[in-house]
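Here's the letter readout for the chains.
Protein chains: 2
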Amino acid sequence: MKFLVGIDAGGTNTVCGLLDGRGNLLHKIQEPTEAHLGYEQVIDKIARMVKSLLASEQIAPGQVLAVGIGNPGLVDPDRGLVRFAGNLGWRDVEVVKLLQNRLNIPVFADNDVRMYAFGEAIRGAGRGYDHVLAITLGTGIGAAMVNQGQMYYGSGFMAGEIGHIRMDGEQAPCACGMYGCLETVASATGIVRQVREAIANGKSSLLQSWFPGENLCKITAADVSKAYDAGDAVAVEVLQHTGKLLGKALSYAVSLFSPDVIVIGGGVARAGERLLHPAREELKRFVYKGYWARLTIRTATLLDDAGVIGSGLLARQRLEEASPAQLHQHHRNGNREEK
Amino acid sequence: MKFLVGIDAGGTNTVCGLLDGRGNLLHKIQEPTEAHLGYEQVIDKIARMVKSLLASEQIAPGQVLAVGIGNPGLVDPDRGLVRFAGNLGWRDVEVVKLLQNRLNIPVFADNDVRMYAFGEAIRGAGRGYDHVLAITLGTGIGAAMVNQGQMYYGSGFMAGEIGHIRMDGEQAPCACGMYGCLETVASATGIVRQVREAIANGKSSLLQSWFPGENLCKITAADVSKAYDAGDAVAVEVLQHTGKLLGKALSYAVSLFSPDVIVIGGGVARAGERLLHPAREELKRFVYKGYWARLTIRTATLLDDAGVIGSGLLARQRLEEASPAQLHQHHRNGNREEK
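Heads up: the protein sequence lines correspond to chains A and B, in order. In terms of our numbering, the first sequence is residues 150 to 488. In terms of our numbering, the second sequence is residues 150 to 488.
Worth flagging that the hints you see were computed from the coordinates, not collected in a lab. In this text, all values refer to a predicted model and were calculated from it rather than measured experimentally. Glycine residues also receive a C-beta, built at the ideal position from the N, C-alpha and C atoms. Worth double-checking, as some hints may not be accurate.
[Said to hold, decoys possible] Listed next, with one range per pair, are the computed distances between beta-carbon atoms:
#: 1; chain 1: B; residue 1: 297; chain 2: A; residue 2: 453; range: 28 to 36 Å
#: 2; chain 1: A; residue 1: 430; chain 2: B; residue 2: 324; range: 17 to 25 Å
#: 3; chain 1: B; residue 1: 321; chain 2: A; residue 2: 179; range: 48 to 56 Å
#: 4; chain 1: B; residue 1: 445; chain 2: A; residue 2: 187; range: 47 to 55 Å
#: 5; chain 1: A; residue 1: 371; chain 2: B; residue 2: 375; range: 57 to 65 Å
#: 6; chain 1: A; residue 1: 430; chain 2: B; residue 2: 375; range: 58 to 66 Å
#: 7; chain 1: B; residue 1: 443; chain 2: A; residue 2: 190; range: 46 to 54 Å
#: 8; chain 1: B; residue 1: 443; chain 2: A; residue 2: 205; range: 40 to 48 Å
#: 9; chain 1: B; residue 1: 297; chain 2: A; residue 2: 233; range: 35 to 43 Å
#: 10; chain 1: A; residue 1: 190; chain 2: B; residue 2: 319; range: 37 to 45 Å
#: 11; chain 1: B; residue 1: 326; chain 2: A; residue 2: 206; range: 36 to 44 Å
#: 12; chain 1: A; residue 1: 190; chain 2: B; residue 2: 326; range: 56 to 64 Å
#: 13; chain 1: A; residue 1: 359; chain 2: B; residue 2: 297; range: 48 to 56 Å
[What the hints assert, rightly or not] List time: in silico BS3-like cross-link candidates among lysine-lysine, alpha-carbon distance up to 30 Å:
#: 14; chain 1: A; residue 1: 177; chain 2: A; residue 2: 194
#: 15; chain 1: B; residue 1: 393; chain 2: A; residue 2: 438
#: 16; chain 1: B; residue 1: 367; chain 2: B; residue 2: 438
#: 17; chain 1: A; residue 1: 433; chain 2: B; residue 2: 151
#: 18; chain 1: B; residue 1: 151; chain 2: A; residue 2: 393
#: 19; chain 1: B; residue 1: 375; chain 2: B; residue 2: 438
#: 20; chain 1: B; residue 1: 433; chain 2: A; residue 2: 393
[What the hints assert, rightly or not] Stretch by stretch, here's where chain B covers chain A in the computed footprint (C-beta under 8 Å, at least three residues):
#: 21; stretch: 172-180
#: 22; stretch: 186-196
#: 23; stretch: 315-329
#: 24; stretch: 403-411
Work out the full structure: start from the sequences and follow the hints.
Dropping the structure here:
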């Protein structure tokens, strides 16, 4: 029997998962990434995690077809390079070569949102649909499009930045250097920012009594959902506005990408219908009826495992697509450093 | 030597072009489509046009690898079907089968904007770029994305409808049933509508003296460019507003598709920098700097020939991709009706 390994290397934690050849998650382990130690240490740790994962399941490295690793930031999957990852502090790190040296298994890297989207598209909420748009609403916003099992990349592997579409009427500064990006509103940070601004502007909210004084800075998006359920006007207004803006941005993506299904994941998706109801209404108002009629909107089903599963499955796909000559080169590049 | 035939079947005129195997246009002929005669008559005429084109160049049908036909409206290229084309009055017309019956050459159909985009991507302004977004600004607005020579289709072959993105602040009714679509502003009809509305709202324009009284309804987008050059305030305001709105809509497409180059074609593109300068400025303001740095914006170079060239080249690509079994099926379906 052959296996796959999927790695989700986040800014805070790294998860390694063992999958069977079809992408069923058999076992996973998690450790803090400790990015402050530098990329060599982080990659050493990941390699140790993979080895101990395999050892614990009594699997020889030779039984593993491929390893996939999802990294945050700008990743060049063709060159196996993390070009820039702010929250890891990585710039031009040859993650494929470095990890392959340590594992002697073919390694493939990609952006973590794309890995997540691939997992949801193939084995999660997008399963059975040909054209899957997956969007993650977390601290930031990411998205990726998978068409008939093929990832859409665009120039510089930079497609899918729905989070950095500038929304009319929005003004908040964004980490990307622009103002009013969708991410400043429909991310966890965006939702909390809106609540704080509403309170600062004199609106009163239950959240003030739940988080008195200085504690107000501890509010999370989940707290805003709780306040919504308690009928808090600020929370209701913020989640409705956020949902509407998300729906409008999704209308742009639907008109351009034409997905069959939109899979919504990430921590903010836990707001569920509080957010998705206004999003759906606005999306319906903003797209041609021919799109609306064929469109399904679903929340992610693999949740925290989507990245690990997608990483393993995308690695398998890239292994299958690679010619023997490319694989030889891939492996040779990987082994060069050890000489 | 092997040849290709490309057909651009528009609502008004149909153009048939003979190409060499690499897509160089050798000769073309044009006739009125006469859509009112019904689809059988139109397809009969197109078949006669192709035969006379080949005869005039002394080429046997057996020397033609494939015929491509671009139709307006919703086309299903896999089934060779024009599902709906309002300006031809066609619904579920099996254009591939019908034309193949008459020609005994493999025929491939697609939407005319995609054929145009493919021509510009492979042989026109997009040549040498990996990720080409082509947009046509004419009576309506169409767009298509070609990635490394592969057409992007999306669900229902409906991707690329940038013309039906609803733009904030715009209210004009659109043919699609919505309001404020980009097409209501940045098409030829949209530009003329804006000028007429400005005049109706009491603004004064040189165009009133050029087109006195009832003649005002004869204004074209080209006249608006002439008025712009004469310093007419209404024309300047309309073209600047139109350019800005186009730039904003393009920013959505850039953030999602990540093209290397945007090719702008269609009659309205003749406004050139009058439109493209404000479009470029607004696009720059609305996209992350990482996109702007790698992006080129060009006007189309094949002009009226892009559709014919693209049709021939896309037919060649689909012929090459088809398995022998598929081609057999393709041909058999095509011949079925004659029995």
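Checklist entry - What hint numbers does the structure not satisfy? => result 4, 6, 7, 9, 10, 11, 16, 17, 18, 19, 21 and 22
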